[in-house]
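Chains as they are written, first to last, in the working numbering: chain A, 1 to 301; chain B, 1 to 126; chain C, 1 to 228.
No lab work stands behind these hints, which were simulated from the structure alone. Certain hints may be false.
Stated by the list, open to error - Subject to a maximum C-alpha distance of 35 Å in a straight line, what follows is the list of computed DSBU-like cross-link-like pairs (lysine-lysine):
#1 A:K29 <-> B:K12
#2 C:K23 <-> C:K12
#3 B:K56 <-> B:K26
#4 C:K24 <-> A:K129
#5 C:K75 <-> A:K55
#6 C:K76 <-> C:K224
#7 C:K12 <-> A:K29
#8 A:K208 <-> C:K224
What the hints assert, rightly or not - To spell it out: a stretch of chain A is covered by chain B in this simulated footprint if at least three of its residues, at any positions, have a beta carbon under 8 Å from a beta carbon of chain B; those stretches are:
#9 170-183
#10 188-198
#11 207-217
Cβ atoms here follow ideal geometry from the backbone N, Cα and C, with glycine treated the same way.
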Amino acid sequence: MQQFAFEMRDISIRYPHFAMENISLSLPKGQVMGLVGVNGAGKSTTIRMLMGLVKPDAGQINVLGYQLPAQQVQAKYDIGFASDDMRLYKSQTLQWHMDFIRSVYPQFDQAYAKELLKRFELIGEQKIKGLSHGQRVKACLLLVLARRPKLLVLDEPTTGLDPVARDEVISELAEILRDDERSVLFSSHNTHDIEKLSDQIAFLDRGKLLALQDKETYLSSWSRFRCQLAANASSGNTSADAAMPVPGAVSIKRHGQLAEVITDQNSAGFAAQLALAGFQVLEQHRMSLEEIFVANVKRSR
Amino acid sequence: MTYGLFLSATDKKPMYLQIVEQITSKVLLGDWPAQMALPSIRELAADTQVSVITVKRAYADLEQAGVIVTHAGRGSFVSAQPDLQQQLQQQELAQLLSAAVAVARQLQLSDAELFARLQQHLVQPR
Amino acid sequence: MMHTFSNSQMIKLLILKDWQLVKKSLAAYLAGGVLIIGLMGMATPLLFNTGAILMITLMIVIGARSAIELVVNEKKDQTLTFMMSLPVTAQDYAWAKLGANLVLYLVPWLLLVAGMLLVIVSSPVYNGVIPLVVLVSVFILLSYCCYLATALLTYSEGYTTAVMIVTNLLLNGFIIWLLRMPAIHLTLEAPTASWNSTSLLLLAAGVGLTVLVLLTTAVLQNRKTSFL
Numbered sequence: 001m002q003q004f005a006f007e008m009r010d011i012s013i014r015y016p017h018f019a020m021e022n023i024s025l026s027l028p029k030g031q032v033m034g035l036v037g038v039n040g041a042g043k044s045t046t047i048r049m050l051m052g053l054v055k056p057d058a059g060q061i062n063v064l065g066y067q068l069p070a071q072q073v074q075a076k077y078d079i080g081f082a083s084d085d086m087r088l089y090k091s092q093t094l095q096w097h098m099d100f101i102r103s104v105y106p107q108f109d110q111a112y113a114k115e116l117l118k119r120f121e122l123i124g125e126q127k128i129k130g131l132s133h134g135q136r137v138k139a140c141l142l143l144v145l146a147r148r149p150k151l152l153v154l155d156e157p158t159t160g161l162d163p164v165a166r167d168e169v170i171s172e173l174a175e176i177l178r179d180d181e182r183s184v185l186f187s188s189h190n191t192h193d194i195e196k197l198s199d200q201i202a203f204l205d206r207g208k209l210l211a212l213q214d215k216e217t218y219l220s221s222w223s224r225f226r227c228q229l230a231a232n233a234s235s236g237n238t239s240a241d242a243a244m245p246v247p248g249a250v251s252i253k254r255h256g257q258l259a260e261v262i263t264d265q266n267s268a269g270f271a272a273q274l275a276l277a278g279f280q281v282l283e284q285h286r287m288s289l290e291e292i293f294v295a296n297v298k299r300s301r
Numbered sequence: 001m002t003y004g005l006f007l008s009a010t011d012k013k014p015m016y017l018q019i020v021e022q023i024t025s026k027v028l029l030g031d032w033p034a035q036m037a038l039p040s041i042r043e044l045a046a047d048t049q050v051s052v053i054t055v056k057r058a059y060a061d062l063e064q065a066g067v068i069v070t071h072a073g074r075g076s077f078v079s080a081q082p083d084l085q086q087q088l089q090q091q092e093l094a095q096l097l098s099a100a101v102a103v104a105r106q107l108q109l110s111d112a113e114l115f116a117r118l119q120q121h122l123v124q125p126r
Numbered sequence: 001m002m003h004t005f006s007n008s009q010m011i012k013l014l015i016l017k018d019w020q021l022v023k024k025s026l027a028a029y030l031a032g033g034v035l036i037i038g039l040m041g042m043a044t045p046l047l048f049n050t051g052a053i054l055m056i057t058l059m060i061v062i063g064a065r066s067a068i069e070l071v072v073n074e075k076k077d078q079t080l081t082f083m084m085s086l087p088v089t090a091q092d093y094a095w096a097k098l099g100a101n102l103v104l105y106l107v108p109w110l111l112l113v114a115g116m117l118l119v120i121v122s123s124p125v126y127n128g129v130i131p132l133v134v135l136v137s138v139f140i141l142l143s144y145c146c147y148l149a150t151a152l153l154t155y156s157e158g159y160t161t162a163v164m165i166v167t168n169l170l171l172n173g174f175i176i177w178l179l180r181m182p183a184i185h186l187t188l189e190a191p192t193a194s195w196n197s198t199s200l201l202l203l204a205a206g207v208g209l210t211v212l213v214l215l216t217t218a219v220l221q222n223r224k225t226s227f228l
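Just chain A, with the same shape it has in the complex (with noise of 0.2 Å):
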C-alpha cells in the first residue's frame, strides 16, 4: 500500500522566461497540502506536471503509486483535477456533463452528485452558457467531487467565488478530511482557506521552493513583534539596515523609538536576541499566513 499521495522528486523544466530545478514535492496519504505563491510562481506548472498534462525536463513523478507519465492513464482514474482556467462544453446541459463523466468513470456516485447539486444550488438541465462564474467553478468541482476520487488536484477553486459560494465549497472539501485515504493537494489565493485546510504548506516562489513544511509548525515559526528600542541603540526613520542587527529578523523598520521586528525562526532563542539588540518587546503576535506570505516574499526581492 503506497505511503504517498503524490511524490516528485528533483523536477526540473525550463520555459523561455520561467525555469524550476530541482524541485521535491511530496505528500503523505490522507493530508492536504496548501500550495502558496504569487501569481507565475510556478504553483499551475507542478499542478500539471502532477497531472501528467506538461513533463519535466528532469525528475520522477509518482502519483498514487503511479508512475507519471507512464501510467497517468491508471493514475487519472483516481484523481480529480479542477483548474479555474477549466471550461465546459457551453452547449450541453450540467446534466449531459455528468452523465458524461459517469460514462467514464464507474465510482461516480449519483446520489450524492444529486446531493452535491443541492447544496451547490445548481440545476441539472441548465445549459452551461448561462452559468455564472461562480456556478461554472462549483459545476466542475461537482463533477469532481462525486467521483470520490483518492487525490484532488485544484488549481484556484474559490478564487473569484462570492462567500457564500466559497463556503459551500469548503464544506464539501472539509468532508475529504474524514477520509484518511483521501488527499488533497490545492492552490489558492485565499491564504486563508489554506491556513484553515491545510496540513502541509507548500511555497512557491519564481520556480523556488521558499517553504515545504506542517502548517502548524511553519504557523509557529513566525512571529511579529511591537518593539521599543532601548536608550543606548541608535535612533532613526530608516527601515531595515543592511546588515540586520538581529540574526533571525526577516524584516525591521524603525520609526523613532519604535521598531516592528519579523522573524521566521520564532523561539526563546530569537527573543533573547532581540532584547540583546536593545529591542523591548512591547507586544508579540502571531502571523497570519497572508502576512507571512506578503513578508516572504518582500523578503526574497
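Position chains B and C relative to chain A; hints supplied.
Then chains B and C, alone, in the frame of chain A:
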C-alpha cells in the same frame, strides 16, 4: 454536528488554541463528562472545517494538560480523574493570577499596591 | 500503439462525446442535403447546376464547421483542460479526435454522394455527369482531410482557415480544369457514365492522396508528448 465548538477565523488566537480552550471549558462545566468519548480527530476536523494536523495538535495539548486520555486504537476520552475539574480550575486560577501580576508590573504597581487591590476585590460584595 | 487499443474504451467515449456535440447540426445539414438532392433531380440544367453548387457548398461547410468546432474550439474554449483531466494520454486523445472527425464527416459525405448518384441514375439527368460528380466529391473529401490535418497538428484557427481558403480556390480551379478536359467534357451529356483512363487515374489519385494525408496525420500525432 459541530460538537458545540465555535471556532472563529478572525479571532487572533490560533485555531488549535481555540479548540483546546473550548474543550477544556466544556469539561470544566461538565458538558463533557468524565470518560466521555471524544470525536475522532478526523471527525472533528471535518465538522469544524480545520485541518487534521490542527486537531491533532489540540488533542496532544489536551492530553498533556491531563484533560483527555488517548488510548491507541480506541480513541480519546475525557479524563476519568475525579478531581479533574478541580485540577483544571486550579490551573485557571494560576493563569489568572500570573496574568494579573504581569499587568500590574506593566502598570508599575508595587507588590503592596497589588495586595491592596486584591483586598478590595475580596471585600466587595458579590 | 498497444496502449491505445487498451484504452479503446475511453476513445469510444470521446468519439461518442463529439458525436453528441454535433448531431443536431449534422441533422440540419443532412436535411438541407436532401432538399438539394431533390433540386438536382429536376431535369433542367439550371436547377441541376444550382443544386450542384449548393451541394459543393454544403459539403465544404459540413467539413469546415466540424473541423473548427471539434478541434480548434476545444483549445479556444478551454474545454481541452477538461478532456486532459480524463484518463487518457495525449495520443489517445489525438486518435479519438481523428477518428471522430473522420466518422462524423465520412458518414454524411457518403450519404450525400450516394444520394446524388441515386437521383442521377433514377432521374432524367444525364448519367454522364457521374464521373464529374464523383471526382469533385472526392476532391472535397481530400480538401477536408487537408484542413483537418492542419487543425489537428496546429490547433490554430489561422492556419486551418488559410488551408481551407487555399483548397477552396484549388477546388474551383479543379472543376474548371475538369470541365475543359475533353475526356469529361465530351461525355457530360451522354446517357451513360463512362470512365476512361484519365478520370480513373484522377479518382485513384484523389483516394490515394486522401489516405496518405490521413496516415501522415496519424503518424505525426502519435509522436505527441503533450496535449497541444
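Against the structure, the hints come out as follows:
no. : hint              : in the structure
1   : A:K29 <-> B:K12   : holds, 31 Å
2   : C:K23 <-> C:K12   : holds, 16 Å
3   : B:K56 <-> B:K26   : holds, 18 Å
4   : C:K24 <-> A:K129  : holds, 17 Å
5   : C:K75 <-> A:K55   : holds, 19 Å
6   : C:K76 <-> C:K224  : holds, 19 Å
7   : C:K12 <-> A:K29   : holds, 33 Å
8   : A:K208 <-> C:K224 : holds, 29 Å
9   : 170-183           : holds (count 9)
10  : 188-198           : holds (count 4)
11  : 207-217           : holds (count 3)
This entry satisfies every hint, going by the numbered hints stated previously.
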